[in-house]
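Trainee: Please work from the sequences and hints to get the whole structure.
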Amino acid sequence: MEELPILTVSQREQFLVENDVFGYYGYFEASDVSTQKSMMEIQRDKQLDYLMKGLRQLGREFSSLDANRPWLCYWILHSIALLGESVDDELENNAIEFLGRCQGSDGGYGGGPGQLPHLATTYAAVNALVTIGGDKALSSINREKMSCFLRRMKDRSGGFRMHDMGEMDVRACYTAISVASILNIMDDELTRGLGDYILSCQTYEGGIGGEPGSEAHGGNTYCGLATMILINEVDSLNLDSLMNWAVHRQGVEMGFQGRTNKLVDGCYTFWQAAPCVLLQRFYSAHDLVHHGSSHISQGTDEDHEDHHDPEDSDDDDDSDEEDSDEGSVNGHGVHHTSIYINRRVQPVFDSLGLQRYVLLCSKMPDGGFRDKPRKPPDFYHTCYCLSGLSVAQHAWSKDEDTPPLTRDVLGSYSNLLEPVHLLHNVVMDRYNEAIEYFFKAA
Amino acid sequence: MHGRPRKASKPEEEAASAAKAVKLRSLQSQFMTYHHDKIYTKEAIELSTKLLEINPEAYTAWNYRKLAVEDSLSRIGPDPSLVKPILDEELRVVENALKQNFKSYGAWHHRKWVLSKGHSSTGNELKLLDKFQKLDSRNFHAWNYRRFVVELTNRSEQDELQYTDDMINNNFSNYSAWHNRSVLLSSLLANRADGFVPEKKIPDEYEIVHQAIFTDPDDQSGWFYHLWLLDQTVNVESPLLTSSWPSHGSSVILSGAGCFNGSPSNFTTFCSETGSFPLILYFDQAVGGVSSLTVTLDSELKGNENLVWEPISNKSSQVSCVWVARLNFSSQPCGSKDYKVKVRLGNSPGIVSSRGFNFSAPYEFVFTAHVHDPAKDSQERIVSWTDGFELWDAQSKDLNSLVTLGQLNAGIDLKWRQAAIDSEIECFRLLADSKIGKLTLARLLMASEAMMSDAAVKGVHYEEILQLYNDLMALDSSHHHYYKDEHSVAFLHKVTSSSESLSRYLFRYRDMNNLVCLRLNKLSLSRIASVNKLLFVQMLDLSHNELHSTEGLEAMQLLSCLNLSHNRIRSFSALDSLRHVKQLKVLDVSHNHIGKHSVDTTRYLCSSPLSNSDLSQDDVRRQNPGLVTKYWDAYFVLRDLNLKQLDIAGNEIAGDEFNSFVLQVVPKLVWLNGQKPGN
Chain A
1 MEELPILTVS QREQFLVEND VFGYYGYFEA SDVSTQKSMM EIQRDKQLDY
51 LMKGLRQLGR EFSSLDANRP WLCYWILHSI ALLGESVDDE LENNAIEFLG
101 RCQGSDGGYG GGPGQLPHLA TTYAAVNALV TIGGDKALSS INREKMSCFL
151 RRMKDRSGGF RMHDMGEMDV RACYTAISVA SILNIMDDEL TRGLGDYILS
201 CQTYEGGIGG EPGSEAHGGN TYCGLATMIL INEVDSLNLD SLMNWAVHRQ
251 GVEMGFQGRT NKLVDGCYTF WQAAPCVLLQ RFYSAHDLVH HGSSHISQGT
301 DEDHEDHHDP EDSDDDDDSD EEDSDEGSVN GHGVHHTSIY INRRVQPVFD
351 SLGLQRYVLL CSKMPDGGFR DKPRKPPDFY HTCYCLSGLS VAQHAWSKDE
401 DTPPLTRDVL GSYSNLLEPV HLLHNVVMDR YNEAIEYFFK AA
Chain B
1 MHGRPRKASK PEEEAASAAK AVKLRSLQSQ FMTYHHDKIY TKEAIELSTK
51 LLEINPEAYT AWNYRKLAVE DSLSRIGPDP SLVKPILDEE LRVVENALKQ
101 NFKSYGAWHH RKWVLSKGHS STGNELKLLD KFQKLDSRNF HAWNYRRFVV
151 ELTNRSEQDE LQYTDDMINN NFSNYSAWHN RSVLLSSLLA NRADGFVPEK
201 KIPDEYEIVH QAIFTDPDDQ SGWFYHLWLL DQTVNVESPL LTSSWPSHGS
251 SVILSGAGCF NGSPSNFTTF CSETGSFPLI LYFDQAVGGV SSLTVTLDSE
301 LKGNENLVWE PISNKSSQVS CVWVARLNFS SQPCGSKDYK VKVRLGNSPG
351 IVSSRGFNFS APYEFVFTAH VHDPAKDSQE RIVSWTDGFE LWDAQSKDLN
401 SLVTLGQLNA GIDLKWRQAA IDSEIECFRL LADSKIGKLT LARLLMASEA
451 MMSDAAVKGV HYEEILQLYN DLMALDSSHH HYYKDEHSVA FLHKVTSSSE
501 SLSRYLFRYR DMNNLVCLRL NKLSLSRIAS VNKLLFVQML DLSHNELHST
551 EGLEAMQLLS CLNLSHNRIR SFSALDSLRH VKQLKVLDVS HNHIGKHSVD
601 TTRYLCSSPL SNSDLSQDDV RRQNPGLVTK YWDAYFVLRD LNLKQLDIAG
651 NEIAGDEFNS FVLQVVPKLV WLNGQKPGN
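Taken in sequence, the protein lines are chains A and B. Just so you know, UniProt numbering puts 85 at position 85 of the first sequence, and the rest follows in order with no gaps. Just so you know, UniProt numbering puts 17 at position 17 of the second sequence, and the rest follows in order with no gaps.
If you're looking for bench data, these hints aren't it; they were derived computationally from the structure. Don't take every hint at face value.
To be verified - A few chain A residues that face chain B, going by a derived Cβ cut-off under 8 Å, partial list only:
1. 10
2. 115
3. 165
4. 167
5. 204
6. 205
7. 213
8. 217
We put the CB at the ideal spot given by N, CA and C, even for glycine.
Mentor: Given below as structure tokens:
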């Protein structure tokens, strides 16, 4: 090459982001201990203020996301639940009442009262109600009509449409199946041909695209994988390449990118880390799958899910891995095909690095989380940064009765968030309550 | 689901946004009335336009418009001059909405809906796309829409390929363009569109991607595309048979239980209590449809007319690389007669790879079988792995009949593939100082070995490959396990690359009539590979390695003795693949990590496996449900094996309780941890 390499637009943008991110890291390194400590703090009070303000505002009026109000309910309520808090009765009742008005007379939830039922907002509404918990919230969901609605959205090709006459994609499949699973209304009709549809969306990169032919995408990879696990067909995906793709979306910034060669974004903390942990657990138990026919456990015996790694930390055989958080994952997303994953004794991604990105680059000192430096915070990113942070913190736990070790949680131990159910992204104990409730309801 | 960021607001902005909200809400409520009352007047439709231009996310309004369009179309009839303005208006509304938010799912979908009404002009759509793709070249909505338009209008894929050229030239980091290129090329190559033959196109593509990779080796896009190209170079569409047991031209000696006395060659002697032996077919990729219809047998061994073929796979699927049928020899008289068996595949269609390609090249192989008297002495002696081994004195004639060096089918155009790989190897030696460069070089060298047909140079690359993975392990510790596995794979390929190298690991085991034992112990192996070359193995020593599972061994259907002591097996679940090895009598898993770590029942992936009522009840479960629950992973594996000798000492799980449980599950066990039970 004679001439100097010219930076492409993407490279310039990447360079600027790295500059910002490493600026933050550099500042952190240079700070004194007490400043460092406060920079690492999750700032629970500030976060809660930000979220509560949003929730109250939601009660009054809202404009720009008018077709997405159940989403806002879910993002905010779930974020609050992750912080281990709950909202007062009045706000809860308001939310239940509001979501009730979004529920269509023929089942499902729309983006607002009177709007067409839509799978994505249905998912958001159900998850919001599960997060609120209690008989009032859970009984407000019309399961019979929901079942009819889901069938109406089912396409002959095997996939689901987002709404009547709407688009068909992997998100639609996931939201339908997640709802059906949590409400205990899954049946053969819903799952017929679905696995093949999802399979047709996995690309040679390893991840899953939104529809056949699309390039792999973090959100759809999560949706596709979770769907396949829920319908018990995860075996048919190429899991090695999926794992490799997901793991290697973590770049030098330590946050995840959503697609090959895109910029880091805080929300992929959840969308990419959750598939990594799901697969890690799947691999450590993959021999079981063909023994069990049940796609999801019922009852409340699974009250912890923050355990997956059967490896003792003192296992000297694998001590060569102890330093992996130094982070030489370099963003080269070339396949590291591998069964090696099933024996990883540590999270297959750099968990502490990821937590550092979220706490230093995504977290706003006045509350809320954002995509990356120079972006404003919003509830979407707050929800998925916090969810992902929880996934990262709990990705290490050794067994079902042990909470994460101090060293697994970046910053002070008070940063520890509630564990989430990885397939539905609701806080674990709320999931358990709901699953018991709907198990009895069947 | 990705919300657009809202801007931090100042007081005056907040006031404006509040006003906007009021306006929107009134629009919205008026719209809802129209929608619910099915009012499709001009005024009502205009209101929905307004709403959508402010908020393209209002999918209810998009649906309303679809209904309104259908309503108007039903009233005006098929006159194109009347239809056109209605649909044009829809396209206009979508375009405005996309200007507001070009990530709106609803808006893009509405446009697709309009187009599928037969109303489109490719030129207009591409122009629009061009505009959006200039603004955001990675917008996946736009790329999806582009593929939709191309398909709907039958635009030529070659023109589209040109478009990806332009996009890549403009910004070679644009992975979306590379991705679309791989999609288009796959289709063009599969259809053999004019000039699109792999041997011409793939080398051209390597040239293109080199420009990106060598301009900036840190950019991911090119590497991913390169990986795709390598796949295209290496992978042959049609499935091939890579090996079989018995192999072509071999002569096997069969005997009943108790085993062979003084047979001339112990390599090819197989004894069986059931009077049958496995016929194993090993394909290079998972295939389905292997049956007595697709595999025909000319056999002098009678009673094998309707063979049942079984896929050997851990997944409960009907596709697998390995297929097995059991041939009966018990009805043949013993003696001097050789029975000839001819196996033919591919004469009638039906063997299909999981990707949908047919096994097309007919292939046949012949072997002879000689039936021997079973020995009288069938005493159950303990198998010791410590002594009784003698180095194999390479009897190359025997070996050659066993080690078939893969079926390099004549029908495959290896030439261009080899040439392409060779030139890539040259090229990437220049980048071999970076991690990704080393890894790519190692993969290329492996690919080159896989394609080499010339026995004289076969195997020349392995030292270099092993060195590259050693370097990588040192350089990049966070992927240490991956490199280690690849190192093991390369090492086993090396071992099995020639009879000469393989013979170094072969021993005779005196105590079992000089049975041949393959000893791959103390080699730091973390993964098993090259099993297709080792189908003949009946005794295998893998002790003192770093194996975590027995995955791959399921193909070794002749295996009767296996030593896995001093490895890193963590649970019986990791031995699951052995359930397919029906001959296995002797298993040593002592000094592993079984029981050290609680087995994760992954409570949400499937609840406790024992909670499923469809599992059959047996005596052990009825009598001892508590122990079955506690040791369920051992239970599932052991009950499907026919072990005579088991060693589990040196594992956390070992102990009196577990021993007694084992004896319940495997009542026929003769030796447990070197002792006769009950003694």
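Trainee: Taking the hints in turn, state whether each one holds.
Mentor: Hint check results:
{"no.": "1", "hint": "10", "verdict": "holds, 4 Å"}
{"no.": "2", "hint": "115", "verdict": "holds, 4 Å"}
{"no.": "3", "hint": "165", "verdict": "holds, 6 Å"}
{"no.": "4", "hint": "167", "verdict": "holds, 4 Å"}
{"no.": "5", "hint": "204", "verdict": "holds, 6 Å"}
{"no.": "6", "hint": "205", "verdict": "holds, 6 Å"}
{"no.": "7", "hint": "213", "verdict": "holds, 5 Å"}
{"no.": "8", "hint": "217", "verdict": "holds, 7 Å"}
Checked against the numbered hints given earlier, the structure satisfies every one of them.
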